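Could you build all of it, start to finish, from the sequences and the hints given here?
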Amino acid sequence: MSVLIQPELWAQAAVGGLLIGAAATLLLLGLGRVAGISGILGGLLASVRDRAVPAAADRAWRWWFLGGLLAGSALAGLLIGETSRSPTVGWGPLLLAGVLVGYGTRLGSGCTSGHGVCGLARFSTRSLVATLVFMAAGMATVFLTRHLLGGS
Amino acid sequence: MSLPWALLSGLLFGLGLTIAGMTDPARVLGFLDLAGAWDPSLAFVMGAALLVTVPAFAWARRRHSSWSGAALQWPSARQLDRPLILGAALFGTGWGLAGLCPGPALANLVSGQLPVIGFVLAMVAGMGLREWTARR
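So the sequence lines, in the order shown, correspond to chains P and F.
So the mapping is simple: this note's numbering equals the position in the first sequence, first residue as 1, plus 1243.
So the mapping is simple: this note's numbering equals the position in the second sequence, first residue as 1, plus 192.
There is no bait here: all hints are sound.
Which bits of chain P does chain F cover? Going by a derived footprint, with three or more residues having C-beta under 8 Å, they are:
hint, region
1, 1244–1258
2, 1261–1275
3, 1301–1307
4, 1315–1321
5, 1340–1349
6, 1369–1375
For the record, the hints were derived by calculation from the structure and aren't laboratory data.
Just so it is clear, the structure is predicted and the values come from calculations on it, not from any experiment.
Backbone N, C-alpha and C fix where the C-beta goes; we use that ideal spot for every residue, glycine too.
Right under this line is the structure:
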């Protein structure tokens, strides 16, 4: 193993992390909600089937958050210059990955933001275990596809 | 008035993810690739985010309602059960295949790229599949 030494990118990563932390804090203190992206999106899908449960107001904040997410990302592109957003794998693995990410985050009640940032911040054992499991699974998958099967 | 908070939170979230470089699938895969040239950036992102959320959430614990008046909704589940572990394992596998998790995938829709749209549709289908199977 070798480590890429890129202090400038590390600083950008840290600044981005502070902003993400501030975003999660605002959502909690402003609306009382925990900022897990999979939960915010998943809540919209639940309402498609079961309109009685999440009221219109519950759907509204989710749409506003997601709109902000896209706008913020576009704004960052303008501020620091666009970086690559292109997936590096072919259509087959890409679509399979999409289904796994969607199904897995809903079954496991969270993703990188919900478990990794918000869950760890409230010292949730569930979130710690979930974070360790998805990191380990991600690393194992990359090892398998890149080094054992020799993808890239 | 809760919607402006949701918008502002989303804005900061999208700004942060993108400035951090986490919208680039190659950078995320670089973090997950321990056997290659390891890119530790994602650890800096999570560490810096926790630097804010740990004290902020501790402070929020002592409050009963949010600024918009709505109650603070803390997740209540405590059990380490099968769905949690299996779900995290499936998510991690997908994450390692494509280098995309839900936040960056949605944020990358601004690029209008067909593969990104395809990934998001597959992700929504996966979420729908979970909704559907949970109700049977």
